[in-house]
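**Student:** I would like the entire structure built from these sequences, with the hints used as guidance.
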Amino acid sequence: MSLLRMQGIRFSYGPREILHGIDLVLEEGQFAGLLGPNGSGKSTLLRVASGALSLTAGQVLYREQNLASLQRKRLARDMAFLSQDFSTEFDFTVEELVLLGRTPHLGPTGWETAKDRDIARQALEDTGTLVLAERKIWEISGGERQMALVAMCLAQEPKLLLLDEPSSHLDVRHQFEIMELLSRFNRERGMTLLLVSHDLNLAASYCDKVFLLGQGHIADQGPPASVFKSPTLSQVYGIPSYFTRNPLTDKPHLMFAAPSKIHPHPPRPAH
Amino acid sequence: MSRTDWCFFWGSLVVILLLSAGIGLLAGGVTLSPSHVLDKGFRAILELHVARVTMGAIAGAGLCVAGCILQAILRNPLAEPYVLGISSGGGLGAALAIVMGLPTGCLPITAFFGAMGATMLVYRLASVGGRRQAYTLILAGVVVGSMLSSILLFLVMTGPQHRLHNVMWWLLGDLQVTDWHLLKIVGCVAMAGILLALLFGRQLDVLALGEESAGHLGLHVERAKLLFLALASLIAGSIVAACGLVGFVGLVIPHLVRLTVGASHRRLLPACVLFGASSLILADAAAQTLLSPRIVPIGVVTTLLGGPFFLFLLRSHGRGRF
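Chains as they are written, first to last, in our numbering: chain F, 1 to 271; chain Z, 1 to 322.
No lab work stands behind these hints: they were computed from the structure. One thing to keep in mind: the hints can contain errors.
Unchecked claim - Interface residues of chain Z toward chain F, partial, derived using beta-carbon atoms under 7 Å:
1. 75
2. 150
3. 199
4. 208
5. 209
6. 212
7. 215
8. 216
9. 217
10. 218
11. 220
Stated by the list, open to error - Derived SDA-like pairs (lysine to any residue); straight-line CA-CA distance at most 20 Å:
12. 209/F with 243/F
13. 73/F with 212/Z
14. 73/F with 222/Z
15. 136/F with 75/Z
16. 225/Z with 109/F
17. 115/F with 47/F
18. 261/F with 244/F
19. 73/F with 120/Z
20. 73/F with 223/Z
21. 209/F with 190/F
22. 225/Z with 115/F
23. 136/F with 316/Z
24. 159/F with 47/F
25. 225/Z with 72/F
26. 225/Z with 190/F
27. 225/Z with 106/F
28. 136/F with 120/Z
29. 115/F with 266/Z
30. 159/F with 209/F
31. 225/Z with 243/F
32. 73/F with 316/Z
33. 73/F with 200/Z
34. 209/F with 223/F
35. 225/Z with 120/Z
36. 136/F with 210/Z
In this text, a Cβ means the ideal position worked out from N, Cα and C, and glycines have one as well.
**Tutor:** Written out as structure tokens, the structure is:
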């Protein structure tokens, strides 16, 4: 049984249609990537998957149930969303923020039990933010804050975690830290992940399936290696690419160059 | 802060409130001596002073809670019932009830509708293209507020003189409620509103993360927003019905309290209730004694203290978080 199934998704911002009929199936336990150039609609598609947007046509099924008919709170117990542009004027502490991740599991007054506090504490520990627990979210670094937000999502104990460019604005080490953490939760707890990324190579190192979005359509999908080798990718991004493998990991790796800079005798792609 | 620190903190707030109430009674000219207590005339005066201090406590607590709610829902540090014209709407509602000769019990209800109308109007006006801009909200609030105040003043000038308070009362507030019946009704309504806010304060934390994030955490955002705005209107409206427009209390106190207890509404709201009540009682005590025997209207004191604070926040908005 698929975990999330999108059928014939159409979505418009005003008169401009962003998504032109998208079908996408996410299997349980998958670590999937949503790739594509700016404006291809990947962030929009992710928000559609979360049920935050109302569609022009099509439907999103979560465990074969229509997302629109599911209670928000019930859904939030299963699905967490890491937003790209999180902002609040309120200066919560890291611990308060992470504890807010328990909201869907609590009653309307939101009283936490000791168990909820333990789960939040575990999320802090897993993300390495336990030492920051008492600090204010706007006095820590961007990378630390991103980890705290991941911790908030983990405290929600989701079966499906949607992430919008979790590693953008982060330095290389923090990028890998986040991806390692996600990969661990995927392996150890069977958490299904769908992540939007601009970093193709980072996605290829961790995802077992990628969806390539171009102008509101799914242009290609499959394991990273097959999508990366196909000429579709260069067409979608509008830039020549060269397929190789990362010598450190043997994972698929793409190299790009502007047409004017390409060597007259380019090497043959590796396999 | 450790557990003992918190106990000490909450204890101090309660002690400060009790001391403020004492000071408030003394400022009204109460001198307790056994020979006085049995005197009938003295009892009547004491009752007036107790009413004044009680009204101060309720208004201080209520306006702060309403301010906190508005700041969280509108995600704007400058939001406050008086600044956003919500108090004026409530005042207009209350004045209409008086002019139409409705019973006292109706005052909080019409004040609520007036306040809620102003809230929704300002909220809609400030939503330009789906996004609410911080300054648009304040400007819309100020303009709606002065328009509603003008209608209110027109009513006061042309309405039946014997029923309505005077212009000064409406614009600058007066914590001396002579009608115990009204005080009881308003007290109950405001306290009920405050209790509801305390009970569901955590939802304000969730809403403060932004509407989309709140939705991802399973909150029914539109419903919660509407209920909280109604709650703020109910509290602010009923207070205005009893003691006129007292400005800036709901702006200054929550900001000062946040500096100590942080942003979490579960601590912020109760601390605001205690500290807001103390502050307004003390401000009123100052208003009664500074130019004694003349009494300065309470609104003059709160606006002179709160206005500069608002301007300071306006200048630092964008840099500062709260």
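**Student:** Give a verdict on every hint.
**Tutor:** Right, here's what the structure says about each hint:
Interface hint at residue 75/Z: satisfied, since its Cβ lies 6 Å from the closest Cβ of chain F, which is below the 7 Å cut-off. Nearest Cβ of chain F to the Cβ of residue 150/Z: about 32 Å, over the 7 Å cut. The hint is violated. At its closest, the beta carbon of residue 199/Z sits 5 Å from a beta carbon of chain F; the interface hint therefore holds under the 7 Å criterion. Checking residue 208/Z against chain F: minimum C-beta separation of about 5 Å stays under 7 Å; hint holds.
For residue 209/Z, the interface hint holds, the least distance from its beta-carbon to any beta-carbon of chain F being 5 Å, beneath 7 Å. Taken as an interface hint, residue 212/Z checks out: its beta carbon lies about 6 Å from the nearest beta carbon of chain F, inside 7 Å. For residue 215/Z, the interface hint holds, since its Cβ comes within 7 Å of a Cβ in chain F; the closest pair sits about 6 Å apart. Proximity of residue 216/Z to chain F holds as hinted, the smallest CB-CB distance being about 4 Å (cut-off 7 Å).
For residue 217/Z, the interface hint holds, since its Cβ comes within 7 Å of a Cβ in chain F; the closest pair sits about 4 Å apart. Of the supplied interface hints, the one on residue 218/Z holds, with its beta-carbon coming within about 3 Å of a beta-carbon of chain F, less than 7 Å. Proximity of residue 220/Z to chain F holds as hinted, the smallest CB-CB distance being about 6 Å (cut-off 7 Å). The straight-line distance between the Cα atoms of residue 209/F and residue 243/F is roughly 17 Å, inside the 20 Å bound, and the hint therefore holds.
Among the hinted pairs, residue 73/F with residue 212/Z is consistent with the structure: their alpha-carbon atoms are about 13 Å apart, no more than 20 Å. Restraint check for residue 73/F and residue 222/Z: the C-alpha separation of about 14 Å stays at or below 20 Å, so the hint holds. Taken as a hint, the residue 136/F and residue 75/Z pair is honoured in the structure, with Cα atoms around 18 Å apart against an allowance of 20 Å. The suggested pairing of residue 225/Z with residue 109/F holds, with an alpha-carbon distance near 15 Å, which does not exceed 20 Å.
Proximity of residue 115/F to residue 47/F is assessed by CA-CA distance (about 30 Å); at most 20 Å being required, the pair is judged violated. Between residue 261/F and residue 244/F the CA atoms are separated by roughly 18 Å; this keeps the pair inside 20 Å, and the hint holds. Of the pairs offered as hints, the one joining residue 73/F and residue 120/Z is violated, with about 26 Å between alpha carbons and a cut-off of 20 Å exceeded. As the CA atoms of residue 73/F and residue 223/Z are separated by approximately 13 Å, the hinted pair is consistent with the 20 Å bound.
Straight-line distance between C-alpha atoms of residue 209/F and residue 190/F comes to about 15 Å, which keeps the hinted pair within the 20 Å bound. Proximity of residue 225/Z to residue 115/F is assessed by CA-CA distance (about 29 Å); at most 20 Å being required, the pair is judged violated. For the given pair, residue 136/F sits about 19 Å from residue 316/Z by alpha-carbon distance, which is consistent with the 20 Å threshold. Taking the CA atoms of residue 159/F and residue 47/F, the gap is near 17 Å; set against the 20 Å cutoff, the hint holds.
Taking the CA atoms of residue 225/Z and residue 72/F, the gap is about 15 Å. The hint holds against a cut of 20 Å. Note on residue 225/Z and residue 190/F: the hinted pairing is violated, with a Cα-Cα distance of about 35 Å set against a maximum of 20 Å. Distance restraint check for residue 225/Z and residue 106/F: the Cα-Cα separation of roughly 19 Å lies within the 20 Å cut-off, and the hinted pair is therefore satisfied. Note on residue 136/F and residue 120/Z: the hinted pairing is violated, with a Cα-Cα distance of about 33 Å set against a maximum of 20 Å.
Taking the CA atoms of residue 115/F and residue 266/Z, the gap is about 19 Å. The hint holds against a cut of 20 Å. Distance check on the hinted pair: residue 159/F and residue 209/F sit about 18 Å apart at the alpha-carbon level, within 20 Å; holds. Of the pairs offered as hints, the one joining residue 225/Z and residue 243/F is violated, with about 51 Å between alpha carbons and a cut-off of 20 Å exceeded. Annotation: proposed proximity of residue 73/F to residue 316/Z is violated, straight-line Cα distance about 37 Å (limit 20 Å).
At most 20 Å may separate the alpha-carbon atoms for a hinted pair to count; residue 73/F and residue 200/Z meet this at roughly 16 Å. Our distance criterion of 20 Å between C-alpha atoms is met by residue 209/F and residue 223/F, whose separation comes to about 4 Å. The suggested pairing of residue 225/Z with residue 120/Z holds, with an alpha-carbon distance near 11 Å, which does not exceed 20 Å. Note on residue 136/F and residue 210/Z: the hinted pairing holds, with a Cα-Cα distance of about 18 Å set against a maximum of 20 Å.
Violated hints for the displayed structure, listed by number in ascending order: 2, 17, 19, 22, 26, 28, 31, 32.
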